[in-house]
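Model the full assembly from the supplied sequences, consistent with the hints where possible.
From first to last, the protein sequence lines stand for chains A and B. Heads up, this note's numbering is the position in the first sequence plus 4, with the first residue counted as 1. Heads up, this note's numbering is the position in the second sequence plus 16, with the first residue counted as 1.
Just so you know, these hints were derived from the structure itself, not from any lab. Since the model is a prediction, treat every value here as computed from it, not as a measurement. There's no promise every hint is true.
Have a look at the derived ranges for each label pair, beta carbon to beta carbon [claimed, not checked]:
id	chain 1	residue 1	chain 2	residue 2	range
1	A	Glu80	B	Gly346	32 to 38 Å
2	A	Pro201	B	Leu117	17 to 23 Å
3	A	His196	B	Asp182	48 to 54 Å
4	A	Arg145	B	Thr358	52 to 58 Å
5	A	Arg156	B	Lys36	49 to 55 Å
6	B	Glu54	A	Pro201	35 to 41 Å
7	B	Val94	A	Pro201	45 to 51 Å
8	A	His196	B	Val51	55 to 61 Å
9	A	Arg145	B	Leu319	44 to 50 Å
10	A	Arg174	B	Thr291	52 to 58 Å
11	A	Leu16	B	Val327	37 to 43 Å
12	B	Val327	A	Ala173	27 to 33 Å
13	A	Gly111	B	Glu54	48 to 54 Å
Just so it is clear, CB atoms sit at the ideal spot from N, CA and C, and this is done for glycine as well.
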Amino acid sequence: MCLKASRINPELVIQIAALEHYAYCPRQCALIHVDGVWSDNVHTVVGTRGHVRADTSGQRMERGKLVVRALPLWSEQLGLTGRADAVEFDAHGTPSLVEYKMGSRHGDAAHLQLCAQSLCLEEMLGTPVPTGYLWFSAPRRRVAVAMDLALRERTESCIEQVRSVLVAARLPAPVDDARCRECQLLGHCLPHVCARPDETVDYLRREVFRCGS
Amino acid sequence: MRILNSLYGQGHGTKVALQKGSLLVTRRDATRVRVPIESLEAVVLLGSSLLTTDAIAACVERGIRVTSLRRGGRVQFVVGGPAHGNVHLRQAQFGAASNPLECAQLARWFVAGKLQNYRRLLGRWRYDIDEPGRTMVIMEQEVIENRLQGLTATDDGDRIRGIEGDATRRYFKALTARLDAERSGLRFGIRTRRPPRDPVNALLSFMYGLLTTEISGALEAVGLDLQIGFLHGARPGRPALALDVLEEFRPAIADRFALRLIGRHQLRAEHFVNTAGGACYLTEEGRSVVFRNYDIFKGEEVLHRLLGRAVPRWTLPSVQATLLARFLRGDLPAYPPYVIET
Ligand code: SF4
Numbered sequence: 005m006c007l008k009a010s011r012i013n014p015e016l017v018i019q020i021a022a023l024e025h026y027a028y029c030p031r032q033c034a035l036i037h038v039d040g041v042w043s044d045n046v047h048t049v050v051g052t053r054g055h056v057r058a059d060t061s062g063q064r065m066e067r068g069k070l071v072v073r074a075l076p077l078w079s080e081q082l083g084l085t086g087r088a089d090a091v092e093f094d095a096h097g098t099p100s101l102v103e104y105k106m107g108s109r110h111g112d113a114a115h116l117q118l119c120a121q122s123l124c125l126e127e128m129l130g131t132p133v134p135t136g137y138l139w140f141s142a143p144r145r146r147v148a149v150a151m152d153l154a155l156r157e158r159t160e161s162c163i164e165q166v167r168s169v170l171v172a173a174r175l176p177a178p179v180d181d182a183r184c185r186e187c188q189l190l191g192h193c194l195p196h197v198c199a200r201p202d203e204t205v206d207y208l209r210r211e212v213f214r215c216g217s
Numbered sequence: 017m018r019i020l021n022s023l024y025g026q027g028h029g030t031k032v033a034l035q036k037g038s039l040l041v042t043r044r045d046a047t048r049v050r051v052p053i054e055s056l057e058a059v060v061l062l063g064s065s066l067l068t069t070d071a072i073a074a075c076v077e078r079g080i081r082v083t084s085l086r087r088g089g090r091v092q093f094v095v096g097g098p099a100h101g102n103v104h105l106r107q108a109q110f111g112a113a114s115n116p117l118e119c120a121q122l123a124r125w126f127v128a129g130k131l132q133n134y135r136r137l138l139g140r141w142r143y144d145i146d147e148p149g150r151t152m153v154i155m156e157q158e159v160i161e162n163r164l165q166g167l168t169a170t171d172d173g174d175r176i177r178g179i180e181g182d183a184t185r186r187y188f189k190a191l192t193a194r195l196d197a198e199r200s201g202l203r204f205g206i207r208t209r210r211p212p213r214d215p216v217n218a219l220l221s222f223m224y225g226l227l228t229t230e231i232s233g234a235l236e237a238v239g240l241d242l243q244i245g246f247l248h249g250a251r252p253g254r255p256a257l258a259l260d261v262l263e264e265f266r267p268a269i270a271d272r273f274a275l276r277l278i279g280r281h282q283l284r285a286e287h288f289v290n291t292a293g294g295a296c297y298l299t300e301e302g303r304s305v306v307f308r309n310y311d312i313f314k315g316e317e318v319l320h321r322l323l324g325r326a327v328p329r330w331t332l333p334s335v336q337a338t339l340l341a342r343f344l345r346g347d348l349p350a351y352p353p354y355v356i357e358t
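Structure, rendered in structure tokens:
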């Protein structure tokens, strides 16, 4: 199901990057896009450096293809906004997105992000965007991702879920698992403490209000 | 002098300038220290030390707080970057602050943390003090325990402040006995604030001021509004929320540190000056002693019982600021104040 433009509050336009954050952890998505929390750490600093080339906008011919870098993307239909690392046009004029990734594996989150970008591009150009590419810098490798119906449906449902997290006043509960160790918001989120509210109650009783020996 | 993540500039004629991405501190005696700006979280200026506009701009750009302190420890001014974006947290903070019941709840937790830390310190001091001081300390500890229990039963803000005031008077009485036992030669009568009138008061006021700047920085970094407090009411220019969080840290950090300096005779009578009107302040040399040792003290690891792990003391203000934000944002059922190990 697709949310139509008329029903979208203009304030609820979603950053495409939020889908990736949501796919990683719904609470991370809310902390970044609702609470505005962002702390630079090793991961993000390296990530930013990796994007320098992609952020320099402009267009030029590369190996017979027209490549446009740092292209702003949006969709009125889906209420999305973002930016493409690069858009390539092949000899027939068919566009496809190229998204640069640090490391080698990003799983479904990267696919959702790429698909959301492709949906934007389709709406902006009025042409089908059948394929996208992920460029992994660690083993310098390019992977084609088909924008099939299943991926499109998953992406649209993810957009809806993100929107419902962004309108909710409360933050989603922490996942409190292996993801947290790699998460740049660990220190702000305090998943171990927030996932166990009983321990805080117990701490107050045992340590803060404790009397006698 | 560089202390972990804070740079302290003090002394007439000390100049802090920006040079190739580092802060260059030049003292009047021409000694120079270079500090990479990436390693800093705060710059604290004392007295008439000087900071160039370039250096201020570089600090603000990186979110490094620049604070100027008066010699007594009061905050003279703070330079910070643009406000953080967490409007939801601020809304929750304002909501709680305008609800008397929620205010009382938070006030109770701040005061409970302070009283529990009083209690734990007194529990240690009784072994260091000879009679008749010891009996007095044991008695006051019992009364403070009573007050602490009285806190659980009340959600009346004025009553909480009354309990806090009474417990603090009793605690300082015990602190006097503890200081007498040190035979340090430093005077401490009753707690005097504006201005401090003896060396121990001068040291305590200075430490509370220094801690307030550290707590303020931590609160702002998580996106809270410093001026909206729960225990301390709103007054122009008063960092009410920082003073709220300061309560648990006064005994836990400032008083413990002060006692250590005095007990080890690192601060002596010659490190203080008296003004004509009877006010007492640390000398520049005295403040240097404070900074040098505060560096070591802040670097020591202590157990944070709720986090369940040891953390260096200098991270405690941000840990508590984050826990407060998590409570206000609805993630935690209560604000858990920091308590020292027994
Ligand atoms: S620390 Fe864990 S729960 Fe918190 S935002 Fe990160 S991944 Fe999610």
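Here is what the structure says about each hint:
1. A:Glu80 <-> B:Gly346: 32 to 38 Å: Check passed, 33 Å falls within 32 to 38 Å.
2. A:Pro201 <-> B:Leu117: 17 to 23 Å: 20 Å, holds
3. A:His196 <-> B:Asp182: 48 to 54 Å: 37 Å, violated
4. A:Arg145 <-> B:Thr358: 52 to 58 Å: 56 Å, holds
5. A:Arg156 <-> B:Lys36: 49 to 55 Å: 52 Å, holds
6. B:Glu54 <-> A:Pro201: 35 to 41 Å: 37 Å, holds
7. B:Val94 <-> A:Pro201: 45 to 51 Å: 34 Å, violated
8. A:His196 <-> B:Val51: 55 to 61 Å: 34 Å, violated
9. A:Arg145 <-> B:Leu319: 44 to 50 Å: 46 Å, holds
10. A:Arg174 <-> B:Thr291: 52 to 58 Å: 54 Å, holds
11. A:Leu16 <-> B:Val327: 37 to 43 Å: 38 Å, holds
12. B:Val327 <-> A:Ala173: 27 to 33 Å: 31 Å, holds
13. A:Gly111 <-> B:Glu54: 48 to 54 Å: 33 Å, violated
Against the hints set out earlier in the document, violations occur for numbers 3, 7, 8 and 13.
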